[in-house]
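Novice: From first to last, the protein sequence lines are chains A and B. Here this note's numbering is used: the first residue of the first sequence is 1, the next is one more, and so on. Here this note's numbering is used: the first residue of the second sequence is 1, the next is one more, and so on.
Note that these hints are calculated values from the structure, not bench results. There is no bait here: all hints are sound.
DSSO-like, lysine-lysine: derived pairs with alpha carbons at most 30 Å apart:
hint : chain 1 : residue 1 : chain 2 : residue 2
1    : B       : K161      : A       : K23
2    : B       : K153      : A       : K97
3    : B       : K23       : A       : K97
4    : B       : K161      : A       : K93
5    : B       : K153      : B       : K23
6    : B       : K153      : A       : K23
7    : B       : K434      : B       : K153
8    : B       : K356      : B       : K446
9    : B       : K153      : A       : K93
10   : A       : K93       : A       : K23
11   : B       : K23       : B       : K446
12   : A       : K50       : A       : K60
13   : B       : K23       : A       : K93
14   : B       : K363      : B       : K446
15   : B       : K356      : B       : K434
16   : B       : K446      : B       : K434
17   : B       : K492      : B       : K52
18   : B       : K356      : B       : K161
19   : A       : K97       : A       : K23
20   : B       : K363      : B       : K434
21   : A       : K97       : B       : K161
22   : B       : K356      : B       : K153
Here are the chains, one letter per residue:
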Amino acid sequence: MELYMSIAIGVLFTVGVYLVLSKSLLRIILGTSLLTHGIHLLLLTMSRLKTGAAPLLGQKADSYVDPLPQALILTSIVISFGVTSFFFVLAYKAYQKLGTDDIEQLRGKEDE
Amino acid sequence: MNNLLVFPLLIPLFTAAILIFFKNNITIQRGLNTLSLLATVCAAGIILYQVKTEGIQTLHMGGWLPPYGIVFVADMMSVLLLLTTSVVGTFCLFYSFGTVGEQRERNYYYPFFQFLLVGINGSFLTGDLFNLFVCFEVMLISSYALIVLGGTKRQLRETLKYILINILSSTLFVAAVAYLYGVVGTLNMADLSLRVAEAGQDGVLNVIAVLFMIVFSLKAGLFLFFWLPGSYSVPPAAVSALFGALLTKVGLYALIRTFTLIFYHDPAVTHSWIAWMAAATMILGVFGAIAYSDIYRIMNYNVIISVGFIAFGLAISADAAMDGVVFYLLHDMVAKALLFILGGFIVHLTGTSRLKEMGGMIKHHPAVGWMFFITALAIAGIPPLSGFAGKLLILQGGLQEKYYVLTGAALVSSFIVLYSLVRVFMSAFWGEEKKPRTNPPALISKSHLLSAASLFIIMMLMGFGSEWIYRFAAEAGNTLMNPADYIDAVLKE
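Pulled out of the complex, with its shape left as it was, chain A reads as follows (with noise of 0.2 Å):
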């Protein structure tokens, strides 16, 4: 199971750096949220995809999966999800105010 995860998670990876190594903005987000899914199915994956139990104590099973992960993956969801947020605003900022959604063209000149 965690051979197929890993092919996954890497599939994930490679999609997300090609889209942030295009040119459209839009694109780039796109590039950075696959990569933050990539990341958390890998905090997911690299805790072993043993069988067990969800953690919950009620379910009085013998074993249980590994809580911990579960809770990183919670926080670096969030984080992720505000700062995805952020980015998306400040993109459509800056496509108001500079009128171009390609990175080429946003190197800035000497002055302005």
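Assemble chain B onto chain A, guided by the hints.
Specialist: Positioned in the frame of chain A, the structure of chain B alone reads:
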């Protein structure tokens, strides 16, 4: 257990939350901010005293013993950085009164300022790797807001790049944390150190160490600094003083912590990488500092050079060099804040950031001029001033450990730092007075000059009292060189 440790984080957090309610009352905002920073300075001072007299202080959050709960640890290194941060933060705050503009002050400038300090103080104090990530994010998100606040074209453009780079490096940080958790199964730094030592740092752990090195280098501007000169030149001078003095130093602190506490078993791999990256940083930074004739760019490349210099001290990992690293870090935080504030004066008075269009300011602004000159000497490391002792110790360590080429590069970089800053001094203050600004600027107010002068006095005292500060720096360096002390303090119960 020492509940005082949470105060450097709690005071700014609480202040920031309260300040949000007083959006339009600038007087209250300024007053509360000042009070909160002074309180933080006091808290840091008391913790420093406790660490000096009783040894490393820890705080187990919620009473959970490590490695299960989050632990805050104040060893000499973190508490010295904490104190310097709050002192530098205070003067940057005084300088930002009136210089950042009323529009910014009304739009949550001060809460963001406090949140930035929350992130920085938390990063210095935490003893948990994932908590470090969270504190980094608190710091970075406030820094995004502080850079873009005002919303000019340049700010929007540079913030896009800054935020993208930091999202990528945070992503890598989480990946590195995930790998490390997968291999050793813990996140507490002291416990990590033990388990990495048990597992033996080879193969996969070295790869993870290098991944951490890349992450923190991106944050600190060590070799991967391509984002720094642009982003740090767009916000107002008070903000770039704060960034230049503090943000990169947090990355450096994380590098120092990880590579003295966790991954110190295979220096042939990790530390020699750091050494070469440091050399490349110094050399490339030197090129940048000579090449540009824009005062912001020159100051930013000076930040990069000093990052390289401190990382070189870390790479040597000898006793003398580590003391030097702590000493130089403290000096550099104060001196860079002062340099950026004085640079802000120059730009304010001449109305331009280009050296060619300045000149002859010494006649009307001798105080600013001579402070700038002496700060330049201090940053280059001229003997009685504060940069000297740190540089001397690092270079001494470099010679002891036979890093001759790199020590040579570090020495040459000091010369060029001096050249680049004196060039700014000569073209801004000497020569003929250039055409005056079309709308003559308001003179610098007394209070701003006073905040610069106070930082200047602190820097001078650090130079003349180096013997006294060295005792603290040596203790910090000693703890860094003996991770067992840190581990014992955290895991003793």
